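Participant: Each number in this note's numbering comes from the position in the sequence shown (counting from 1) with 2 added on.
Hints were generated in silico from the structure; no laboratory data involved. Model, not experiment: these values are computed from the prediction. Don't take each hint at face value.
Only pairs whose alpha carbons sit at most 20 Å apart, straight line, appear in this in silico DMTMM-like list of lysine to aspartate or glutamate [claimed, not checked]:
no.	residue 1	residue 2
1	Lys82	Glu5
2	Lys82	Asp108
3	Lys82	Asp126
4	Lys82	Asp112
5	Lys277	Glu231
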Amino acid sequence: MSERILNITNGDCAVAALTRAGQPGDWLPWRDILHEGPVPAGLDLTALSVLRARFISERGWAPLEPVQADFEARDARLAKGGEYDRIRLWFEHDLYDQLQLLQILDWLADHPPSTPVTLLSLDDYLGTASPELIERYVAAEQPVSDAQRQLAQTAWAAFRADTPEPWAGLLEQDTQALPFLEGAVRRLLEEYPQPHTGLSRTAYHALSLIGQGEESFSTLFSEVQNTEERRFMGDLGFRWLLHSLCAGVEPLLETDSALPAWQIDPTQRFSLSVKGRAVLAGQASAGDLMVRDRWIGGVHLRPDRFWEWDAALGRLQASSLQPASV
């Protein structure tokens with residue numbers, strides 16, 4: 003009788019690639035965009051999945067009932083992982099995957115299955131991996147160690163903390179047990195506002211490209227992806243970011259389209275506003291656009307309470323926007 007394997011990976015593209023490559027077993031795509039929206043502490047997997055489904059629905063990325071049902075079925079299959087002969091975790095090196103891996107390892111540490119759990123740490127993208135490359139990954143498959151479980155629990159708790167200091171503190175710890183974690187920690191910190199512009203790394207790159215003459219959504223998304231050491235942001239997340247930069251009393255961007263934030267038109271064009279040009283020139287800050295009711299993991303950014311990340315100095319700084327004088 004052949005071995006029964008539960009394969010857990012990031013999403014449907016990875017499942018399709020692994021299936022085409024002839025990898026055996028059943029498939030469980032995780033499908034959550036954990037670097038977007040609230041992931042607060044104090045909720046078990048069931049309650050957190052309800053919150054995450056609501057967030058995804060409110061963004062317009064999927065209807066509530068189907069995504070909630072999908073998460074319920076996903077969590078139930080994870081809970082029954084011990085019925086398999088082996089649980090195999092396939093996760094890539096980027097922020098999107100690393101956060102999913104932390105969540106799953108944390109849950110498995112608290113609910114240890116009676117079956118072996120193995121990890122394939124991938125330094126490339128499964129969606130474009132050849133069958134030969136996938137076989138090389140399989141040859142390097144290793145059992146999940148106690149050190150990996152413990153580190154994942156520490157990092158997952160840090161991600162869900164209500165201040166970013168525990169997450170940044172991971173940079174001072176030995177994270178070699180999960181070799182791609184350090185890069186994920188740094189990349190998430192770069193999505194906090196920068197000290198001088200108030201922009202995240204992604205927002206800064208987008209404005210810079212527009213300032214250089216790039217205007218269409220498709221070109222902007224492609225070029226921003228090219229600046230990433232490990233691509234993690236999808237087109238829906240990038241579209242939402244551009245939409246938010248077009249909003250407010252003093253938007254940084256202007257656009258030729260009134261499309262809702264969840265709808266993508268590759269030809270939609272963007273240009274810098276007067277405020278956007280000033281921010282890009284270092285003469286103004288983005289103000290509250292990057293901290294208006296925004297969540298990064300368990301951290302709720304608000305104009306009266308947010309943090310800035312200075313990538314050059316590797317330092318967090320608490321900040322707030324002073325109310326305008328009357």
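Participant: Does each hint fit the structure? Answer for all of them.
Facilitator: For each hint, the structure was consulted:
no.: 1; hint: Lys82 x Glu5; in the structure: holds, 16 Å
no.: 2; hint: Lys82 x Asp108; in the structure: holds, 16 Å
no.: 3; hint: Lys82 x Asp126; in the structure: violated, 29 Å
no.: 4; hint: Lys82 x Asp112; in the structure: holds, 14 Å
no.: 5; hint: Lys277 x Glu231; in the structure: violated, 29 Å
Checked against the numbered hints given earlier, the structure breaks hints 3 and 5 and satisfies all the rest.
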